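Protein chains: 2
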Amino acid sequence: MMLPFDILEYHERLEKTKKRMEEKGVEVLLITDPANMNYLSGYDAWSFYVHQMLVIIIDEAQPLWIGRFQDANGARKTTWIYDENVIAYPDYYVHSAIYHPMDFIAEILTQIGQGNRTIGVEMDNYYFSAKAFEQLKNNLPNATFKNADLLVNGVRIVKSDQEIEYMKRAAIIAEHAMEKGIESIYAGAKESDVAATIYYHLVKGSNGHGGDYPSIVPLLPAGENTCTPHLTWSERAFMSGEAVIIELAGCYKRYHVPLARTVSIGTPSEEMTTLSPIVTEGIQEVLASIKPGITCGDIEETWRKSIKKYGMEKESRLGYSVGLGYPPDWGEHTASLRKGDQTVLEPNMTFHLIPGLWFDNYGIEISETFRVTDTGCERFTNYPQGLIVRDPLNINPTDKIS
Amino acid sequence: MMLPFDILEYHERLEKTKKRMEEKGVEVLLITDPANMNYLSGYDAWSFYVHQMLVIIIDEAQPLWIGRFQDANGARKTTWIYDENVIAYPDYYVHSAIYHPMDFIAEILTQIGQGNRTIGVEMDNYYFSAKAFEQLKNNLPNATFKNADLLVNGVRIVKSDQEIEYMKRAAIIAEHAMEKGIESIYAGAKESDVAATIYYHLVKGSNGHGGDYPSIVPLLPAGENTCTPHLTWSERAFMSGEAVIIELAGCYKRYHVPLARTVSIGTPSEEMTTLSPIVTEGIQEVLASIKPGITCGDIEETWRKSIKKYGMEKESRLGYSVGLGYPPDWGEHTASLRKGDQTVLEPNMTFHLIPGLWFDNYGIEISETFRVTDTGCERFTNYPQGLIVRDPLNINPTDKIS
Numbered sequence: 001m002m003l004p005f006d007i008l009e010y011h012e013r014l015e016k017t018k019k020r021m022e023e024k025g026v027e028v029l030l031i032t033d034p035a036n037m038n039y040l041s042g043y044d045a046w047s048f049y050v051h052q053m054l055v056i057i058i059d060e061a062q063p064l065w066i067g068r069f070q071d072a073n074g075a076r077k078t079t080w081i082y083d084e085n086v087i088a089y090p091d092y093y094v095h096s097a098i099y100h101p102m103d104f105i106a107e108i109l110t111q112i113g114q115g116n117r118t119i120g121v122e123m124d125n126y127y128f129s130a131k132a133f134e135q136l137k138n139n140l141p142n143a144t145f146k147n148a149d150l151l152v153n154g155v156r157i158v159k160s161d162q163e164i165e166y167m168k169r170a171a172i173i174a175e176h177a178m179e180k181g182i183e184s185i186y187a188g189a190k191e192s193d194v195a196a197t198i199y200y201h202l203v204k205g206s207n208g209h210g211g212d213y214p215s216i217v218p219l220l221p222a223g224e225n226t227c228t229p230h231l232t233w234s235e236r237a238f239m240s241g242e243a244v245i246i247e248l249a250g251c252y253k254r255y256h257v258p259l260a261r262t263v264s265i266g267t268p269s270e271e272m273t274t275l276s277p278i279v280t281e282g283i284q285e286v287l288a289s290i291k292p293g294i295t296c297g298d299i300e301e302t303w304r305k306s307i308k309k310y311g312m313e314k315e316s317r318l319g320y321s322v323g324l325g326y327p328p329d330w331g332e333h334t335a336s337l338r339k340g341d342q343t344v345l346e347p348n349m350t351f352h353l354i355p356g357l358w359f360d361n362y363g364i365e366i367s368e369t370f371r372v373t374d375t376g377c378e379r380f381t382n383y384p385q386g387l388i389v390r391d392p393l394n395i396n397p398t399d400k401i402s
Numbered sequence: 001m002m003l004p005f006d007i008l009e010y011h012e013r014l015e016k017t018k019k020r021m022e023e024k025g026v027e028v029l030l031i032t033d034p035a036n037m038n039y040l041s042g043y044d045a046w047s048f049y050v051h052q053m054l055v056i057i058i059d060e061a062q063p064l065w066i067g068r069f070q071d072a073n074g075a076r077k078t079t080w081i082y083d084e085n086v087i088a089y090p091d092y093y094v095h096s097a098i099y100h101p102m103d104f105i106a107e108i109l110t111q112i113g114q115g116n117r118t119i120g121v122e123m124d125n126y127y128f129s130a131k132a133f134e135q136l137k138n139n140l141p142n143a144t145f146k147n148a149d150l151l152v153n154g155v156r157i158v159k160s161d162q163e164i165e166y167m168k169r170a171a172i173i174a175e176h177a178m179e180k181g182i183e184s185i186y187a188g189a190k191e192s193d194v195a196a197t198i199y200y201h202l203v204k205g206s207n208g209h210g211g212d213y214p215s216i217v218p219l220l221p222a223g224e225n226t227c228t229p230h231l232t233w234s235e236r237a238f239m240s241g242e243a244v245i246i247e248l249a250g251c252y253k254r255y256h257v258p259l260a261r262t263v264s265i266g267t268p269s270e271e272m273t274t275l276s277p278i279v280t281e282g283i284q285e286v287l288a289s290i291k292p293g294i295t296c297g298d299i300e301e302t303w304r305k306s307i308k309k310y311g312m313e314k315e316s317r318l319g320y321s322v323g324l325g326y327p328p329d330w331g332e333h334t335a336s337l338r339k340g341d342q343t344v345l346e347p348n349m350t351f352h353l354i355p356g357l358w359f360d361n362y363g364i365e366i367s368e369t370f371r372v373t374d375t376g377c378e379r380f381t382n383y384p385q386g387l388i389v390r391d392p393l394n395i396n397p398t399d400k401i402s
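Protein sequence lines, in the order shown, are assigned to chains A and B. Start counting the first sequence at 1; every next residue gets the next number (the UniProt record's numbering). Start counting the second sequence at 1; every next residue gets the next number (the UniProt record's numbering).
Derived by calculation from the structure, the hints in this document are not laboratory data. Everything numeric in this text was worked out from a predicted model, so none of it was measured. One or more hints might be untrue.
Pairs involving identical chains hold if they fit within one copy or between any two copies, as the list cannot separate such chains.
[To be verified] Calculated cross-link-like contacts (lysine to aspartate or glutamate; reagent style EDC-like; alpha-carbon spacing at most 16 Å):
(1) K146 <-> E134
(2) K146 <-> E22
(3) K314 <-> D91
(4) K308 <-> E281
(5) K77 <-> D360
So here's chain A without its partners, still in its complex pose (with noise of 0.2 Å):
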């Protein structure tokens, strides 16, 4: 199999890792993100819902992966890891009320001698559970264990031109996706039916790339629900009068980048006429702020100040990093467009701005995926940004799937 990225890229990643572990002092990295796991290794499959990590250590060159019988091969077929280095363990450790892989990965850890040192580990990681951690400790007492949360991540957080080249097929992606979602939206349409044709075209990819699955679901909140940005579609029909917020992310070898837009079925209500001008001002006033040298906070102080002119607060943070990830999420964790985030922005940082915009009864999102350049930004995607409105009688013929 190909390696999505060239083996230098793979091994320039590590030594920056190797770097920052120098720096907190840790001698061994236990990573667990599979977001982490990839962007080191290459490894590639939806195995992490069994234990599994990458062992980095310090002194030694090569990754080791290890992880479940039968996906040791996968792990052979996806990374530039030597095949000695790729561990298994046995089925039996799956799902126990008696085996924990954890009691397996520090057996191995105290047989090749690193189970006396200073080990590092994903504290706030989906994949490292409060058990895993406590069996680590009880088979490792004579380790020292560090906190190397977003260790990786801070590595990631500024991306290669081949990884931002992968986030612009992404995009393309996203615009189709969601141009063939809002096409397929009319009064009686089925949110169900919208939201099987939004993931057909994401996953189909588009321009000649086949898409990869995104770490989030296309969220689809209509009505009343718009007041809520994370309810997934159910089988009830849209109706005239509606507003519908799609928010999505095209993803291609697990890079992404999201784009959320607000619709109106018909005659937009005035909530919204009032609300969406607010909005596009505003990401516009931030887009035209970003430059290097900035930090995070400051973008949100840029938002602060033009929604304020209209009397507007916003509770929420107006964005994150974004890049590679595995569900349940595209984020990176890393730094956020919020007050107080000291992040100053670098070319080739890549962030999500989605400054939605939730009340009690509705809501707004639109939402811009840009890269830092070397002077300003520019956006991945290129899709109209005001409310679009549809003609609730639109049943489009093209839509349909036999």
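Chain B: place on chain A using the hints.
Relative to chain A, chain B alone:
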């Protein structure tokens, strides 16, 4: 929003949970598994990428939902919990280096007088990280913590008639998506195109019922990759003579019915021709043996004897309890169909029997999801079991979407 189950069913689930809490000496149960949150409260949203929980207090009638401010409307809309029991933390707790949601949650527990009780936590759940546990322990020095992993999952293992009805709808969706997926396979079709077609039908649904997103994406390893069950699709084109494994699940209101089949594009290889009747014979013998009162271990024994006739062995488990789920898994993590599992079958337990066989360069998967009945078992789907042979040149013109 309509709850998917009668309020009495939720009360019954809560009572069963409290009974188990009492048996385990747990006074306060912190539920972070999204499937368990849904099971007890109805809560359904893609918000599990931030910390959230349901709190069950043994001597209080209502659970508490605690989560992110922008998700609280969703909790009010999708659950039977009173609005005053929906508690939200501010957005600056999200993915912050300074604030942690568990600090907020600990403070709430202290304020309502629960800080000095015996608190059960789901130690090995994806959504209860090592850090989450550390923060709770630091902030609740007077509490006693107990591992309550799988406590609610244990209640979930026997389904109600309404749950079975939802699984039957999921089964119809699974069969339909399998059929459409297989029809879209030919030599030259891209893996991503076939995955797109399967996804479309899984979400669109069938028989008037819209589909929900499955907890695992459709898996379709082909050719040499059939040796590895959890690789996802690529942009590669299928080739004549290759085998393709399709593993998918229909999902209805978060209830899953998985289904796996193996397809040969053109004349099957000798290995596939030999293996497929061994696997189907084993499945038939296993299904014929199932009835209330036997154990999951007994099922494995039947399988082991069946394939031993042909000199074969299987390292990994044969299957697992299945039903309600959220990414990254549709398995319930309780009973496994494997040697030594003492779980005694009861009517309305539901399992995914997936006796996959994987070798160095090829593999086969044929599966059935079944329900234990009063006297035996019944399959949810009725899809032909043997190896499916596709004409490599058979491009199905009805499988196009504009």
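How the hints compare with the structure:
1. K146 <-> E134: Classified as both; 14 Å inside a copy, 13 Å across copies.
2. K146 <-> E22: Classified as within; 12 Å inside a copy, 36 Å across copies.
3. K314 <-> D91: between (49 Å within a copy, 10 Å between copies)
4. K308 <-> E281: Within one copy only: 12 Å inside a chain, 70 Å across chains, cut-off 16 Å.
5. K77 <-> D360: Between copies, since 11 Å is at most 16 Å while 50 Å is not.
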